[in-house]
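Trainee: Here's the letter readout for the chains.
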Amino acid sequence: MATTATIETGKNRWGGGTAPMNASYGKLMMWFFLLSDAFSFSALLITYGLIRYAHPAYAGSVEDFQFSTEYWPIPEKVFEAVPFLHGVEAPLVFVGIMTFILILSSVTMVLAVEAGHRMDRKNVIKWMLWTIIGGLAFLGCQAWEWSHFIHGTAEGLQVGGETIFGANLKVNQYGPPLFASLFFFITGFHGFHVFSGVVINFIIFFNVVVGTYDKRGHYEMVEKSGLYWHFVDLVWVFVFTLFYLI
Amino acid sequence: MSSHEETHHTHVIPEDKEKTKKIWRVAGILGFVTIIEFIFAFTMPRGILLVAIFLGLTVVKAFYIVAEFMHLKHEQKTLIWSIIGPIVLIVWLVIALMVEGSAIFSLRY
Numbered sequence: 057m058a059t060t061a062t063i064e065t066g067k068n069r070w071g072g073g074t075a076p077m078n079a080s081y082g083k084l085m086m087w088f089f090l091l092s093d094a095f096s097f098s099a100l101l102i103t104y105g106l107i108r109y110a111h112p113a114y115a116g117s118v119e120d121f122q123f124s125t126e127y128w129p130i131p132e133k134v135f136e137a138v139p140f141l142h143g144v145e146a147p148l149v150f151v152g153i154m155t156f157i158l159i160l161s162s163v164t165m166v167l168a169v170e171a172g173h174r175m176d177r178k179n180v181i182k183w184m185l186w187t188i189i190g191g192l193a194f195l196g197c198q199a200w201e202w203s204h205f206i207h208g209t210a211e212g213l214q215v216g217g218e219t220i221f222g223a224n225l226k227v228n229q230y231g232p233p234l235f236a237s238l239f240f241f242i243t244g245f246h247g248f249h250v251f252s253g254v255v256i257n258f259i260i261f262f263n264v265v266v267g268t269y270d271k272r273g274h275y276e277m278v279e280k281s282g283l284y285w286h287f288v289d290l291v292w293v294f295v296f297t298l299f300y301l302i
Numbered sequence: 043m044s045s046h047e048e049t050h051h052t053h054v055i056p057e058d059k060e061k062t063k064k065i066w067r068v069a070g071i072l073g074f075v076t077i078i079e080f081i082f083a084f085t086m087p088r089g090i091l092l093v094a095i096f097l098g099l100t101v102v103k104a105f106y107i108v109a110e111f112m113h114l115k116h117e118q119k120t121l122i123w124s125i126i127g128p129i130v131l132i133v134w135l136v137i138a139l140m141v142e143g144s145a146i147f148s149l150r151y
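Residue numbers (the working numbering), protein chains in the order written: chain A, 57 to 302; chain B, 43 to 151.
Next comes chain A alone, as it looks inside the complex (with noise of 0.2 Å):
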C-alpha cells in the first residue's frame, strides 16, 4: 500500500496500475450487480403499479370496506393479523415488526463493517451474529405471513356460489387473482434474497470466526456482504410502500 502512488490528476487515473474508482474490482462488481438486481425488483415492482392500475379501484370508504374479485383490495384490510391475536384486526402491524426487524439487521450489518475497519474480530462477530438472527426472523415472519395467506380468514369470500378460502394462484377471496400472484412473486423473490443473504452472512460469519480475514489484513469480504444485505433492506421499502401501504 506505502508503495502505491497517490494520484490526484484525473488524467492519469485511467491509465491503469490503480484502481480508478477508489473501491477494489471485488467491491465494484458488487455495485453493478446490485444495480442489475435493483432493475429485477423495479420491474416487478412496476408491474404491480401497471396492473393495479389496470383493475378497477375501491370507490367506497375505507370502513364499508368487502372483499371482491371485482376490484383492486385495500391493502390493510388484507394484512391485518397477527400471530397469536387470532381475530383481532390489527392492520399492518405485523409487516411493521417485520419492517423494523430488517431495518434493525441492516443497522447490526454497518456496525459489523464498521468494527471490521478497525480488525475488531470480537465485534465483528458479535454484530454478524446478531445479522444473522434479525434475517432468520425476518424469514420466519415472512413464512407465518405467507401461510396466512394462503389459508386466508375464517369467513372466506363467496364467488358464484362457492365459497373461497385464502389464496393460490388461480384465486382468492382477497381481490383479483393476479394480487395473490404479483403477492407471492414479489414477496417471494425478496423473500429469496433474504434467505441468500443470510447464507452469504453466514459464510462471511464462519470465515470472521476462523479467523480468516485477520490472515488476509483486511475485512472487505464484510464489506461485500454489507452492501448486499443493505441491498435486500432497500427493497424491503419499496415492496413495504407499494405493496402494503398504497
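Keep in mind that the hints were calculated from the coordinates and are not lab data.
Nothing false has been slipped in among the hints.
Here are the computed lysine-lysine pairs in the BS3-like style, where the Cα-Cα straight-line distance is at most 27 Å: (1) B:LYS64 with B:LYS119; (2) B:LYS115 with B:LYS59; (3) B:LYS61 with A:LYS271; (4) A:LYS83 with B:LYS63.
Note that the coordinates shown come from a computational prediction; the quantities given were computed from them, not determined experimentally.
Let chain A serve as the given structure and place chain B on it in line with the hints.
Mentor: Chain B only, in chain A's frame:
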C-alpha cells in the same frame, strides 16, 4: 503461505464513538420515517396526496440506506454516478408502464 506458524496479533483500532453514534442516528431516522408513514396511513384519507407522501418518504429512506449504510455518499464521484445514472431508466419505465396501465384500463372497462 509461509511454513512457520502464523501468529497474528492483529492490532485492533479503538472504537470511534462518533462513528457509531452516527450509525444509530441514521437508524433512528429510518425508524422515525417508518412511524410517520404508519401515522399517515391511519389518519389521512386515501388518495393521490397520501400516495405522493408515501412515495416521497420512501425516497427519503432509500437515500439514507444507500448514502449512509451502503456508504455511497462517501465514494468517488465516478462511482456515485455510475450507480445513480442508470436509475433514469427505471424512471422511464415507471412513466411508460403507468401510461400503458391506464390504456389497458380504458380498453377493458
